[in-house]
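**Q** The lines below spell out each chain.
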Amino acid sequence: MTATCTIAAFEADYRNRRRRMRLFFWLVAAILAVALWVTTDMANFFRVTQITMPDGSREERWILLAGLPNLGDYVAKTIPDLNWSSLDADLVQWFWRWPIWADLLLETLLIAFMATSLGVAAGFLLSFPAAWNLSPSPLLTWITRRFLEIARTVPDLVWALIFVFCFGVGPMAGVLAIALHCAGALGKLYSEANENVDMRPVEGVRAAGGTWFEQMRYGVVPQVLPNTLSYTLLRFEINVRSSSIIGYVGAGGLGQELRTAVSLQEYTDLSALFLIILATVCLIDWGSERLRHRVIGLEGT
Amino acid sequence: MLSLDGICCRFGDTRAVDRVSLDIPAGQFVGIIGPSGAGKSTLLRLINRLVERSEGGIHFGSREITGLRGRALRQWRRDCAMIFQQFNLVDRLDVLTNVLVGRIADHGLISSLTMRFSEAERELAFHALDRLGMAHKALERAGNLSGGQQQRVAIARALVQRPHVMLADEPIASLDPGNATRVMDALRRINREDGLTVLVNLHTLDTARAYCDRIVAMRAGRVMFDGTARQLTPDVVRDLYGTDGLGQIDESVTSTSLRRLELA
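Chains as they are written, first to last, in the numbering used here: chain A, 1 to 301; chain B, 302 to 565.
Excised from the complex, chain A in its bound form:
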């Protein structure tokens, strides 16, 4: 008798809880749907524009469909004239500035490499005070975290603008800009890895009389090292992408050529540069991904 009562009470409880969960789910879904509708509207997705038809009449069309042909036109302009019979000459014509571009490509890669090195060093050092569980003082954590936030929330392109203003046009501004942004982003990722470490080894080192630095070196670093390596390689890929555009504001690398090509309307130069950047980024991505998997694979053994 009591058993059936308890079961009935449990069933009622269970139904109630399920109903509340379902209600909550639909409430959240409705809010998200409204928010999406409002933002699409604000982003002009529903705008209607007038276009001229081939017969000269004006008609109303949805902006997305009306604008799409322009994309095709733009791409078409960047495609060079290549003929099978004179392919060599056409290719040379297409990549006519290749000696300069090769130099700038090298510069792009060096910017990415140096910025990653500096960013990793700074981010790694700051990631220890930035982790709540490891930091020697809450104030220090607060300061480090704010610094990392500022460093990563300002886009590297904006840092580059500031540094070009300070140190003049050239790759140094680019290196500093990407390094700063990279330190902020990596410091955050590293510190999150630090917050997930097993604290028992750290306590072990502390109980043996280790200083804070020794607790980090012996207790934490061996635990987070694979993570650190993986994040670092990932960041190098991102930095190559950044450094190929950062020349747009005068901070060195291929980006400056992109800017010239856009402003002089050298459409075929644009496609040539785009291909160079694409090939480089793909190559770096592919190589570092293999390296990363090797590192993660080593973990298993």
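These are computed hints drawn from the structure, not numbers from a lab.
For glycine and all other residues, C-beta sits at the position ideal for the given N, C-alpha and C.
Among the hints, erroneous ones may be present.
To give an idea of the chain A side of the interface with chain B (calculated C-beta under 7 Å), a few residues [said to hold, decoys possible]:
(1) Ala-9
(2) Pro-155
(3) Arg-200
(4) Glu-203
(5) Glu-214
(6) Arg-217
Since the structure of chain A is provided, determine the placement of chain B on it from the hints.
**A** Below, chain B alone, put in the same frame as chain A:
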């Protein structure tokens, strides 16, 4: 002589350790028993200052422990080595380096951050491992060892600290009976041969009876009993653990002793 004098430790409103006074002569093997949450772990951590006291004092000989800071505190932690229930080794470092962690209190910042140890130190570590029958594992990753092996490595780490006192926090609670016996035997040998004072937290009464010169029982942060194994009568045990819903506490139920199993 290690003396605790009215030591208290409060976390918010709870008194984890409540006015505990103990005098422990050098070379004694002391077992601390009591139900979970009685403050046994906190008591040990108060001694090596992993936890800060709220009131009271701790003295080791003429040394005042509760006021130590910086280098002096690290040297005190070196002098009272600790081993843990979960071993607290660095899984991803090799066994030898784990043992050498016991030497870092005497190192400068640079030499310890670059993990540079002298030949004499490596010899000391190897010798300690050999004593615990773990020398053949010296270059293996600590994380690949079994629990019992890891605990013996942890004891080796404690030994190279050349401590005066050994604090052991539930050292056998996650080990099988065979490894538990090996670890307790190792602690007893260290106690007898090196004259180290050993303070060990235990869950199993028969282990406490078998190994300890003196048994201290805690409940709700206070010392309820302090005496020899023989003085620990069933009445005291019932008082200590409470008997809600239990007729009698049968020590063999929680026993991890091999000897007892063989007898049965």
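**Q** Indicate, hint by hint, whether the structure satisfies it.
**A** Comparing the hints with the structure gives:
{"no.": "1", "hint": "Ala-9", "verdict": "violated, 26 Å"}
{"no.": "2", "hint": "Pro-155", "verdict": "violated, 35 Å"}
{"no.": "3", "hint": "Arg-200", "verdict": "holds, 4 Å"}
{"no.": "4", "hint": "Glu-203", "verdict": "holds, 6 Å"}
{"no.": "5", "hint": "Glu-214", "verdict": "holds, 5 Å"}
{"no.": "6", "hint": "Arg-217", "verdict": "holds, 5 Å"}
Of the hints listed earlier, those the structure fails to meet are numbers 1, 2, in rising order.
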